[in-house]
Amino acid sequence: METVLRTTNLNKYFYEPQPFQVLKDINLEVRKGEFLSLVGKSGCGKSTLLYLISTMDTDYEGTLEMNNTLLTGKKQNELARFRNEHIGFVFQFHFLLPEFTVLQNVMIPALKLGRYKPQEVEERAYEKLKILDVHEHATKPASKLSGGQQQRVAIARALINDPSIIMGDEPTGNLDSYNAQVVFDIFRQLTREFGQTIITVTHDPEFAANSDRIVEMSDGRIISSHPALIS
Amino acid sequence: MNLAYQIAKTHLISKPKQTIVAMLGVTFGIAMFITMVGLMTGLNNFTEELTMTSTPDIRIYHDITEPRQSILEETNQGKGLLVVHHQKPKSETPKIRNAFQIASLLQQDPMVLGAAPLLSSQVFYNYGPVQLNGTIAGVDIMEEDKLFDLRHKIKTGQLEDLLVSQDGIIMGTGLARKLNAQTGDRVVITTPEGYTMTLKIVGTFQMGLGAIDNVKAYANISTVQKILQKDQNYVTDINIKLKDINAAKPKAAELQRLFRYKAEDWETANATFLTGSIIRNILTYSVSITLLIVAGFGIYNILNMTIYNKMKDIAILKATGFAAADVRNIFLIQSLVIGLIGSVLGLVIGFGLSYLVSQVPFNGGDFISIDTLPVNFDPKYYIIGIVFGLVTTAFAGYLPSRNAGKVDPIEIIRGQ
Ligand SMILES: Nc1ncnc2c1ncn2[C@@H]1O[C@H](COP(=O)(O)OP(=O)(O)OP(=O)(O)O)[C@@H](O)[C@H]1O
Ligand SMILES: [Mg+2]
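Chains L and W are the protein sequences, given in the same order.
Just so it is clear: in the first sequence, position 106 is 106 by the UniProt record's numbering, and no numbers are missing.
Just so it is clear: in the second sequence, position 206 is 206 by the UniProt record's numbering, and no numbers are missing.
A hint or two may mislead.
Claimed, not checked - Covered by chain W, according to a simulated footprint, are these stretches of chain L (three or more residues, beta-carbon under 8 Å): (1) 6-16; (2) 83-90; (3) 111-118; (4) 174-182.
Quick caveat, the hints were computed from the structure, so don't treat them as lab data.
Note that the Cβ used here is the ideal one computed from N, Cα and C, for glycine as well.
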């Protein structure tokens, strides 16, 4: 199977308030179409790792490769373009633009990419909202939605450009079990049918157990990486 | 760019109060600029036009007060230290020799529109027991009309009436009013030399400038020669109007060399007046620029505040693929839109104010004959105004916008 993401000896330090190594020699390889769960105790460095591999944080040692492109050392603007096209990100705290409608929030990354005409983008955005069952709120301002609804909108936004990798930082953290299952099924479908890759941080053992592979972290290191029980 | 514009628009609309306050700053600056510049240049143009209608482009005369070398210096050139105190002009006649030949020569010059020989005299107008000070200009009235468009300034009578009259004068309306005289009346004048003569008013004119209308009268050259008791060739000035007024300075120098009489161009003759208009312009521009800079600071502050409040949004945009320039454009567009709408509003309000000012009754008194203030509505200043407004807001918006573009998204996302 093709490798979509490879990290070699990633090390990351924080210097404030005191010098401290958050990530230690992270070597991770993710295959195309894989559904990967990242687990570990709170504060072990999961979010930090996700920010590195999502190219938003460039302050690290080691190398990062994605779709056979070396991303380490690239300029911010190039990375922004790359993220726009290849990475969908669902933040731990759902970040939406409060003045814009739900639909506009989903459309903006696609309008930026400019692959489709605005009319098509709107249709596609509405499709995604429908999949996540928040389409009836499409014209509301994003700030007027509940936490769980906002999280689903954020997921729809991550999917809009059909990215090769979707990264989520506890994307189902705010959802009831029904909606968590919906999101899980979507992710499952994306990996199986469209060959997209999913990397999610999760504290939900059942969610992890149903994915393809579980990578466990502790104290800034990867301590185990094994196929999930069920698959 | 279109996307950046859409986002900028949403930002502006979602904070209407802030947007309006920022706009009003620009509006106020531009409106003040338009009103002030309209009034100032209106006044400038008006007085300039008046002055121009009464001053020739070039005036040739015999300057007998010009400083000259003393005899001592002439005979002892370069020998020792020579001091001559308080030397006075030679007693010369101010007559221009061959003035009529010079005038007809000038009339054939392709650069010259008209050249009119002239002589003028100080006179006292006798009004019962009172004597009013004034001047009489002896002119070739037809040539003078070419220079100063007299025909349209005649209030009563006709130019031609002067030609057929031996002792006729066309009098300034102000002077006629002071003398309580009308066309057809006779007035008695006395020269400083004591010569007295009776003249007939055949018409009146109004230049609109008190300094002329209240003292001046036109007569034929021969009439004034008679008043001054001079011969038929006695002429003291030649007034010249050029086709291109801006050519006056070099042309004056050329004529001075050619005829060896003093040739003075209108700029030199009206130097004080021109300085006044320069000072008025400096005032107008400095007040307007100050207002605009204040407005610029307002925009700078408001934009900085907006950006500070929108840190999270900026982080999201950059995380989802917006480059620094895209984010910068979003905020730059906001300040430009504020600048554009603010400026256009400023132009409209400025136009309205200018119009109001131009309607206010204003009595120019004896000095200038106007009923309302002259206001300039030249589109040039409206273009300058909008360019001013846009440039100021672009400057004020650039720094905060660039900083917004440089925001590191991870700092904000991690900080949550
Ligand atoms: N900006 C920062 N400066 C210094 N230390 C930080 C910073 N952000 C995070 N840390 C520390 O780095 C470690 C890893 O944080 P991280 O957010 O990656 O944990 P996490 O595994 O995502 O935890 P959680 O499951 O609670 O989200 C923590 O000990 C945290 O205190
Ligand atoms: Mg975390």
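The hints, checked one at a time:
1. With a threshold of 8 Å between beta carbons, the proposed coverage of the stretch 6-16 of chain L by chain W is violated, since 0 of its residues qualify and at least three are required.
2. For a cut-off of 8 Å, the count of residues in the stretch 83-90 of chain L with a CB near a CB of chain W stands at 4, and the three-residue condition holds.
3. Restraint check on the stretch 111-118 of chain L versus chain W: 3 residues with Cβ-Cβ distances below 8 Å, three needed, restraint holds.
4. With 0 residues carrying a beta carbon less than 8 Å from a beta carbon of chain W, the stretch 174-182 of chain L misses the three-residue requirement, and the given coverage is violated.
Checked against the numbered hints listed earlier, the structure breaks hints 1, 4; every other hint is satisfied.
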